[in-house]
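Protein sequence lines, in the order shown, are assigned to chains A and B. Residue numbers for the first sequence follow the working numbering, so the first one is 6 and each next one is one higher. Residue numbers for the second sequence follow the working numbering, so the first one is 6 and each next one is one higher.
Treat each hint with caution, since some may be false.
Copies of the same chain are indistinguishable here, so a pair counts whether it falls within one copy or spans any two.
Below 27 Å or equal to it, Euclidean Cα-Cα: the simulated BS3-like pairs (lysine-lysine) are [stated by the list, open to error]:
id, residue 1, residue 2
1, K8, K157
2, K184, K32
3, K59, K25
4, K100, K51
5, K59, K8
Hints were generated in silico from the structure; no laboratory data involved.
Number of protein chains: 2
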Amino acid sequence: MLKDLVAKNRSYRRFFEDEKISSDQIKEWIDLARLGASGRNAQTIKYKIVLSDKMRDNVFQQLAWAGYLQDWAGPEKGERPTAYVVMINDEGLGKNYFSDDGIAVQNLLLGAVESGYGGCIIHAFKKKELSELLKIEEGFSIIQVVALGKPKEKVVIEEMKDGDIKYWRDEKGVHHVPKRSIDEIILEEL
Amino acid sequence: MLKDLVAKNRSYRRFFEDEKISSDQIKEWIDLARLGASGRNAQTIKYKIVLSDKMRDNVFQQLAWAGYLQDWAGPEKGERPTAYVVMINDEGLGKNYFSDDGIAVQNLLLGAVESGYGGCIIHAFKKKELSELLKIEEGFSIIQVVALGKPKEKVVIEEMKDGDIKYWRDEKGVHHVPKRSIDEIILEEL
Numbered sequence: 006m007l008k009d010l011v012a013k014n015r016s017y018r019r020f021f022e023d024e025k026i027s028s029d030q031i032k033e034w035i036d037l038a039r040l041g042a043s044g045r046n047a048q049t050i051k052y053k054i055v056l057s058d059k060m061r062d063n064v065f066q067q068l069a070w071a072g073y074l075q076d077w078a079g080p081e082k083g084e085r086p087t088a089y090v091v092m093i094n095d096e097g098l099g100k101n102y103f104s105d106d107g108i109a110v111q112n113l114l115l116g117a118v119e120s121g122y123g124g125c126i127i128h129a130f131k132k133k134e135l136s137e138l139l140k141i142e143e144g145f146s147i148i149q150v151v152a153l154g155k156p157k158e159k160v161v162i163e164e165m166k167d168g169d170i171k172y173w174r175d176e177k178g179v180h181h182v183p184k185r186s187i188d189e190i191i192l193e194e195l
Numbered sequence: 006m007l008k009d010l011v012a013k014n015r016s017y018r019r020f021f022e023d024e025k026i027s028s029d030q031i032k033e034w035i036d037l038a039r040l041g042a043s044g045r046n047a048q049t050i051k052y053k054i055v056l057s058d059k060m061r062d063n064v065f066q067q068l069a070w071a072g073y074l075q076d077w078a079g080p081e082k083g084e085r086p087t088a089y090v091v092m093i094n095d096e097g098l099g100k101n102y103f104s105d106d107g108i109a110v111q112n113l114l115l116g117a118v119e120s121g122y123g124g125c126i127i128h129a130f131k132k133k134e135l136s137e138l139l140k141i142e143e144g145f146s147i148i149q150v151v152a153l154g155k156p157k158e159k160v161v162i163e164e165m166k167d168g169d170i171k172y173w174r175d176e177k178g179v180h181h182v183p184k185r186s187i188d189e190i191i192l193e194e195l
């Protein structure tokens, strides 16, 4: 059922780094992203897949991890993502991609979770350095980076208290994510 | 399987208007949206549900339908959406909602499809008029409107030719949507 998949699709930031993901597997997930709706049907979003050890290491250096965990600089060696999918806007096809970025990444991540993997969407990266590293050409722009792997951590959702949005990690390493209640987010029925 | 659900989740614009959707059913789909990832975990997106005949009619008047179908002004009476979910950004919680809008709407629509319904994301609406109609308060802003119902049309995906992104409807009323190939959207493997 979709609900189970959605519940299991948490933002994972630590992985069994030696559990590799094949290029074909990632392409299946990107194919799900491809099949998502697109504003004006422009389909401006394109992808670079990063799988090699060297490039994964280089990409990793340009990313920032889990802003609210101030004591944690990101996953250690051995727990880093096994792959990255970099989502790039082809501005020649359209500068405005409406909500395509989220639709695509959600299909991709739900696909990963269904296959026993998981990931995390990263918006905090050194844009100039990462663009140079990935040889992003003029007219293209990085939207977000999706880190992927076999999750090595437990992530739980809990009720938000006093509007505190900060996720936190307990002494057992479990990652807790406060969520607003359904009553808080539904403003009105008309 | 997710792939079947993703394939079935097309943009539907004509519905069996007398097949009603309950408020509880829509809340289940919004709950899926609620469980999606959120940038900085800010969860700025809120919802208004439109179900009553009068408000549905009023909302309908503010929407534009299927830009590429120039001979079609939108669904006729009897084929209009049974419900709308209006996604609204609570700017006091954050002006930037990253890709949350797409993540949330994709969860919502996949939920609808799994339950035998379907919908269409609409970005083309008269913002001022719709905001007044829905009494959108200062500090809140409509992101997109999701039209929902029991689909009364067939939508098929086809290979894009010569970069022509325009969807079209054939003489049998089947809606055809050209999609870029996986080879076109994957720029590189590194």
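Numbers of unmet hints, in rising order: Checked against the structure, the only hint that fails is number 5, while the rest are satisfied.
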